[in-house]
Amino acid sequence: MSLSNLIKNWSSLRVKRPYEDQYKDKDYKWAMVIDLDACTGCNACTTACYAENNLPVVGREAFSKGQAMHWLRIERYWGEGEHMDKFPDHGAQFLPMMCQQCESAPCEVVCPVGATHHTPDGLNSQVYNRCIGSRYCSANCPYKVRYFNWWQYPERAWPNPLEQQLNPDVTVRSKGVMEKCTFCVQRLTEAKNRARTEGRRVADGEVTTACAQACPTSAITFGNLADDKSQVARIWERQQIKLASDKQEKDENLRGYRIFEELRTYPSVVYLERVRDSEA
Amino acid sequence: MSSSNIDRRDFLRVLGISGAAATLAGCGNTSIESGAELVESYVQPEDFVVPGVGVYYASTCTQCGSGCGIMGRVREGRILKLEGNPQSLISGGKICGLGQAGVQVHYNPDRLTTPMIREAGAFKPVSWDKAMATLTARLGSSSTLSGDQIAVLTGEISGHQKVLLGHFLESFKSANHIVYDALSPAIGQAANKAVLGVEQPVLQIDKARLILSFGNDFLGTGPSPVHMAAQYARFRKAPRGTLIQIEPRMTLTGANADRWYAIKPGTEGVFALGIAHSLLQHQEYAHAVPAEIAEALKQYDKDTVSEVTGIHADAISHIAGMLWEKSPSLVLSGPSAEGHVHGFNNAAAILLLNLVLENRGKTLQGQASHPFPQLTPASGSTTALAKLNQAMSAGQCQALLVMGANPVFTAPTFVPFASNLAKVPFKVAFATQLDETAHQCDLVLPLLSPMEDFGTHVAGYQPSGVELAIQQPLMERLYPETRGLGDILLDLLKQRQPEAYKAFPDYYAYIKTAVTKAKPVFKSKSSDDDFWEDALRNGVLRLEAPPAALEAHAATVKVGKPQALETDVNFPFFFVPSVRADLRDGRHANLPWLQESPDPLTTVVWDSWVEIHPTTAAQMQIREGDILEVQSATGSVRAKAYLFPGIQPDTVSMPLGQGHTGYGRYADGMGVNPFKIFDPMYDERTGELALYATRVIIKKTGEHARVVKDEGATNLQQGRKLVATMAADQAELAKEISRVTQ
Amino acid sequence: MSKVHTLALYNDFEEAGRTLQELKAANLPGFRMDDVAIKSPIEHPELSEMLGKRPVYVQLYTLAGAVLGSTVGFTLIASAQANFLLQIRGGRPVVPIPPDMVLTYELFILIGVLMTVVGCFIAWKLPGNRSTLYNTSISEDKIGILVKADPLVIPKINEIFSRHQPLEIMGEQGR
Amino acid sequence: MIHTTDESDIQIERRFVPKAKDISEDIAWAQINKDVLRSMERPRLMYWVIFLASLALFSFGVYCEVYQYQTGLGVADLENPQVWGLYIATFIFWIGMSHSGTLLSAILHIMHADWRKPIYRFAEAMTTFSLMTAGLFVLVHLGRVWEFYYVVAYPNERWVWPNFNSPLVWDATAIGTYLTSSIVFLYFGMIPDLAICRDNAKGFRKKFYWFLSLGWQGTDRQWANFRVAYLTIACFLIPLAVSVHSIVATDFAVSQQPGWHITSFPPYFVAGALYSGCAAIITLFIVLRYVFRFEAYMTMPILDKTCRLTFAIAMVWTYLNLIEYASVWYGNDEYAKQTLIFRATGTYAPYWWAMNFLGSIVPFALAFKSLRNHLPTMMVVSLLLNLGMWLERFMIVTPTFAHGYYPWTWTGDWWPSWVQWGIVAGSFGWFSMLFMLFCKIFPTVSMYEVKEMVYHRFMARKARA
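Residue numbers (our numbering), protein chains in the order written: chain A, 1 to 280; chain B, 281 to 1022; chain C, 1023 to 1197; chain D, 1198 to 1662.
The set of hints was computed from the structure by calculation and includes no laboratory data. Watch out, some of these pointers could steer you wrong.
[What the hints assert, rightly or not] Straight line, CA to CA, 25 Å or less: simulated DSS-like cross-link-like pairs of lysine-lysine:
{"id": "1", "chain 1": "B", "residue 1": "Lys-544", "chain 2": "A", "residue 2": "Lys-250"}
{"id": "2", "chain 1": "A", "residue 1": "Lys-86", "chain 2": "B", "residue 2": "Lys-841"}
{"id": "3", "chain 1": "B", "residue 1": "Lys-838", "chain 2": "B", "residue 2": "Lys-578"}
{"id": "4", "chain 1": "A", "residue 1": "Lys-16", "chain 2": "A", "residue 2": "Lys-26"}
{"id": "5", "chain 1": "B", "residue 1": "Lys-517", "chain 2": "B", "residue 2": "Lys-1015"}
{"id": "6", "chain 1": "B", "residue 1": "Lys-487", "chain 2": "B", "residue 2": "Lys-453"}
{"id": "7", "chain 1": "B", "residue 1": "Lys-1015", "chain 2": "A", "residue 2": "Lys-229"}
{"id": "8", "chain 1": "B", "residue 1": "Lys-782", "chain 2": "B", "residue 2": "Lys-803"}
{"id": "9", "chain 1": "D", "residue 1": "Lys-1403", "chain 2": "D", "residue 2": "Lys-1637"}
{"id": "10", "chain 1": "D", "residue 1": "Lys-1403", "chain 2": "C", "residue 2": "Lys-1147"}
{"id": "11", "chain 1": "D", "residue 1": "Lys-1659", "chain 2": "B", "residue 2": "Lys-1001"}
{"id": "12", "chain 1": "B", "residue 1": "Lys-473", "chain 2": "A", "residue 2": "Lys-247"}
{"id": "13", "chain 1": "C", "residue 1": "Lys-1147", "chain 2": "D", "residue 2": "Lys-1231"}
{"id": "14", "chain 1": "B", "residue 1": "Lys-487", "chain 2": "B", "residue 2": "Lys-979"}
{"id": "15", "chain 1": "C", "residue 1": "Lys-1178", "chain 2": "C", "residue 2": "Lys-1046"}
{"id": "16", "chain 1": "A", "residue 1": "Lys-86", "chain 2": "B", "residue 2": "Lys-980"}
{"id": "17", "chain 1": "B", "residue 1": "Lys-956", "chain 2": "B", "residue 2": "Lys-979"}
{"id": "18", "chain 1": "A", "residue 1": "Lys-229", "chain 2": "B", "residue 2": "Lys-667"}
{"id": "19", "chain 1": "A", "residue 1": "Lys-86", "chain 2": "B", "residue 2": "Lys-805"}
{"id": "20", "chain 1": "A", "residue 1": "Lys-250", "chain 2": "B", "residue 2": "Lys-517"}
{"id": "21", "chain 1": "C", "residue 1": "Lys-1075", "chain 2": "C", "residue 2": "Lys-1170"}
{"id": "22", "chain 1": "B", "residue 1": "Lys-980", "chain 2": "A", "residue 2": "Lys-250"}
{"id": "23", "chain 1": "A", "residue 1": "Lys-247", "chain 2": "D", "residue 2": "Lys-1231"}
{"id": "24", "chain 1": "B", "residue 1": "Lys-841", "chain 2": "B", "residue 2": "Lys-578"}
{"id": "25", "chain 1": "D", "residue 1": "Lys-1534", "chain 2": "D", "residue 2": "Lys-1231"}
{"id": "26", "chain 1": "A", "residue 1": "Lys-86", "chain 2": "B", "residue 2": "Lys-1001"}
{"id": "27", "chain 1": "B", "residue 1": "Lys-979", "chain 2": "A", "residue 2": "Lys-86"}
{"id": "28", "chain 1": "B", "residue 1": "Lys-517", "chain 2": "B", "residue 2": "Lys-841"}
{"id": "29", "chain 1": "B", "residue 1": "Lys-956", "chain 2": "B", "residue 2": "Lys-473"}
{"id": "30", "chain 1": "D", "residue 1": "Lys-1404", "chain 2": "D", "residue 2": "Lys-1231"}
{"id": "31", "chain 1": "B", "residue 1": "Lys-473", "chain 2": "A", "residue 2": "Lys-242"}
{"id": "32", "chain 1": "C", "residue 1": "Lys-1170", "chain 2": "C", "residue 2": "Lys-1147"}
{"id": "33", "chain 1": "B", "residue 1": "Lys-578", "chain 2": "A", "residue 2": "Lys-242"}
{"id": "34", "chain 1": "A", "residue 1": "Lys-247", "chain 2": "B", "residue 2": "Lys-979"}
{"id": "35", "chain 1": "B", "residue 1": "Lys-667", "chain 2": "B", "residue 2": "Lys-703"}
{"id": "36", "chain 1": "A", "residue 1": "Lys-229", "chain 2": "A", "residue 2": "Lys-242"}
{"id": "37", "chain 1": "D", "residue 1": "Lys-1659", "chain 2": "D", "residue 2": "Lys-1218"}
[Unchecked claim] Reference excerpt, derived from the structure (chain B facing chain A, CB under 10 Å, subset only):
{"id": "38", "residue": "Ile-359"}
{"id": "39", "residue": "Gly-364"}
{"id": "40", "residue": "Met-530"}
What you are looking at is a predicted structure, and each value in this text was computed from that prediction instead of being measured. Note that beta-carbon positions come from the ideal geometry of N, C-alpha and C, so glycine has one too.
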């Protein structure tokens, strides 16, 4: 009965993730590293995302109104101050930005119906069936990586026979629901199920996201942070990034950082600083 | 390819039967249980088709000429997604956006589904029998055409399609295979040939410690972008290489440079020679060039060079110093340096630097010789089109077959291709989708998409050894009334030379025979069938071969007086077209993913725009979104202004590829076509069209519209730490863990 | 023998007040002051006082409602959360106190208000029959005095009524 | 009950009550009934003009909403990150509007401010209807409005609950509570008046009022319980009203966005709510006074008091508004400061300055007695104040989206589409249509309380005499 459950488990119900961890899946915590020095801004990852996740092409009209549905967008910043006199002397600054799968996600707290919540393997999930489209999550997302279905895209975006390309593993979202990068959860689930039937943990490199898979420069590394030997865990460790920290104490010459860490969102994506030869 | 097209109704029927069987089983012994009857599924899934499980098949990407190996994810008989094939050295298991969009060629809603014949000015769908009858009436056994009366116009083409085309033309005693590439690298290739002895050397980007690139966009639109991006990633790992890019308008590669210089268009050769001059002051380089060149180079002192090129004089000695310091280096020339009246000279001057710096054999190598030269690609040029245009104009051409080229769209206005095309009495287009050129043809034959057809491809750029890439169908054909190019050619050849081709019932048989015949070259000991199966499974046949040596002909580099650019009062701006890595010359504008994929540098989608430097825009009081008229001597186009800091201030730039008028719902009406305002300027040496030599004037129209782009109201980080940058001497890259270096 | 009603209408509170005083003083058998009711267009506390102490218990319902609202509210919310562990929110405990307090507060008010109304309805004895002796002018500006008494004393009461210039005296018919 | 007036009375009155009288004590009670009940009969032409105009506006709003429902929210030109637009801004506006009804009827009731009596009924009706309008905006705004009930914690087989952490769930609970309570309060306080209606109506209307008046006969027991219950509900309503708008403020203050994440938001919102509500009362006061010929009840001294109250609240709002700017300006949050600067200098600067002018400068018109007593001026001023308060809500919602944490998604020139404007206009139509219907069906002036007021004044005069 619920009341007895409440009283019996009171102390465990008061534990906060990630810093007082309780509900953590011991085996999995998905995370990512993006090397901005390797990223060339070529858009291979974004197209891969469109192909894998059934993202609708919204068309010129909707795009001009800011209604694009790119879960993964490549931002291009110009330098400021000393980095930009008359010309962008040190090139453009590209930033692939997708859902950071925050461990303490601002979006999760404010969703009225709990359509977005945290999974035990560390994803910030979005339950389309539950979403009523209040868009509060998007309003509260510091990264603005949530995309709302302003139109009934299933009727608009895939004229016959384009709909045959749709990935059957991924829901096609109707109008009125929010969506965002899922770290290709359909791939993760499949890999986890496969590993579970074989009685093991998903091996490093066994599963990856569509963006990481496509990236011609391998700038994106994806993997399981709970597995100490995984590529991602090793990079995080070498970069001295701790998941449950809002201010990393790390060596100065390490490139790893997380965006808006000071907001205590505890993102799961580490970016490695772009490197430029200052003598060139 | 074993695939079955389970449609949903069939699938439900299977479920229905097994459900019924389960019900019956509950009621005692049925005829099935007693073994008197057997239940058989309505649908027999073919091998490897398991409902709900994705299967991967290897194939080859045909979106550009790089010949990347790809894997297609197939589920329930449908191709869903393309990924890189790790077996292919070219793709290395990776894939670019353009390649991914290949599935949209296949599933494009505007695809041709039946043959069409022009009757009374309009296309009418006809049956294949009728279409083939029309075709063979002109080009079949009874055809009297020969020699120059027939021509085949294609884009870059390689492998057995190319061979069959050649045979087809031979049967007419013709060699009129015109390979047209609107963005042809022919000038650069000619310079390579002249200076290094090969048309396309292999670049060892990862081995270089410094790359000096004059407008070479190897990351975006180069000969093999995916392969070079992987090399670039290794180049950036410890010991980290430095990239310096010099170009009038920033390319994707320029955007990734450590240092980017804006140069006046066409003065790249002067700048290169200025560096050469500076380098020659080091004793060790002194012997690298003939004495007369060394003498001529003395005119290229840094102040003169600086004045001509618009780059600060200190930069020259600085770059020279870095080249001297960081060896081996790699100096590259690119389209924006080559597309000028003196483009060949520019390219040669740039290549001279490689000779001075002794990069031959270190970062520059020759391609391994190919065992099947007949399969190697015929690379395209614009001169070929000019020749065809003349022939058509003179009424010599009686029949024209077009595939993979769209000159009605890409030919400049001074090449009146469309009107000359009308003079050809019989024009046949082979296409998956109608484009502007196909619209002008008399007969249109719908081709299988690359996801439905067999083929072999040989990339023009072979990074190491030799690869023969195999293309196989990834699913059954979508439309029964479509056919492969190989099959059509084979049918035609059977009409003309029945004896030679009777052994091949179809193109599949032809290609299988041809590939298995090559077995000894690949030193395979397996049976023919196994060899073929392996080839299909791997998607690529690899042959390791040593790189060829490069020659050095420094003397061919002409070093004249450094000449400043003439100014044209009527057309004060240089016009630099930009080539988008996804749309290229416009052939991919029909793919919605690519249209919606923001241009990496401006983030504009679905449109054309005019890039103009903010200082110039401020002088002219131009704001973003103002509609500008860009007028050259031959024509004008209108597009929205986009303020772009990565451009030389006397230059404006527009992207190519948009402005279609007959290429389906995703391409039509999007932007404008700058091909139509090119000036008739040609490279002196090769006669190629000089794409970067146009001069324009900009007029404000007073109209304004919102630029459709992903970028928001700011393109700065506004004090946030979004993209952080670290100085190279600070970062300890060697201690880092990385996937690339492993 | 059941009691019957009689009603007198007066022009103002003063006359009604004098009538009440006389009724009280008369001390008639079979008549209790508790059976007297004033019907008036506005509340008149002075007159009501003459009728003796008539306590109001509505506040008790309010209290019960408020307590019920807050305790049951919190328990329901917290136990619902405790049973829906699937819905973890990063950085927050499963049962967070501040949000639950906000909701508890609202339920405290909601149930409090509703119970107050219910209490008032109970005090009004709703739904129930009430005396048919009523004049629409009471809702306008007249004061009515309704007496429930033994039929035997009714004439005497009416007599007291008529001593103070009533506008009208109404009796129940057929008793 | 007929009272006569003579010279001496007036003399005394002048001596003891130097200020103008809120209401004349000489109005006969029957006259009060007659005057108020008349408002439920044939109204002036202006009534029909207002009603039909509201109906037309409302119909257009319905058309827009149907179009948006069918096509998707894209027709509203909402985008990422401008995800809320006018809907949420107007939602706050209507929620705010609802607060003055509570102020007049509950707070002033407890404080025994008699002058509220002729005007509190319509103010309460305004509370109820503006809450209903606000509720509509929640629905209009949802992407999948047909699933709106997911927000409600209803028992279900799968034990799926809403997210109680979300301020939107607090909102839903608070607004639900407030709407229920204010309907109860409005209805409960109207029962004696409904009995009057019952006594004067014929036919089906009699039946209707008979049912609604719950057998009210004005007995002393009914009155005593009624008083206690009414007072209790009034006591509940005051903290409830404060909590409702505080919770609406937490929609913003609890979120993390620059420009929203401000501790002073709840009091700021409450002050703004009372402010716009009072301004709306002035507007409706003037409208009702004219349309239903309520000059004898909605008197100039009452308007004068309302205006003074409004002025006081306007100054409280101004103070809290400045506090908000100051706390951001002197705070250490660079991002919030950027957003503030954007508000004052960016795309929406004209609206921001207009909002500050209308909210803080225009109310000084209320400080002048001659202006306070000039009805046309007050009409214009009250409408301007409400425009200012609507702009305030717009300036809370929009600039933070346009200039939030993430520069890449900053929008320079976002502007709502006609569909949004249509729905906002429709909401005003819906509100005034409901309000006008209410005025025709229910007594807009509390008859029994006006009688009390008249009686107390009359007795006071008598005592003095």
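Margin query: Hint compliance check: list the failing hint numbers for this structure, sorted ascending.
Written below: 1, 2, 6, 8, 11, 12, 13, 14, 18, 19, 22, 23, 25, 28, 29, 31, 33, 34
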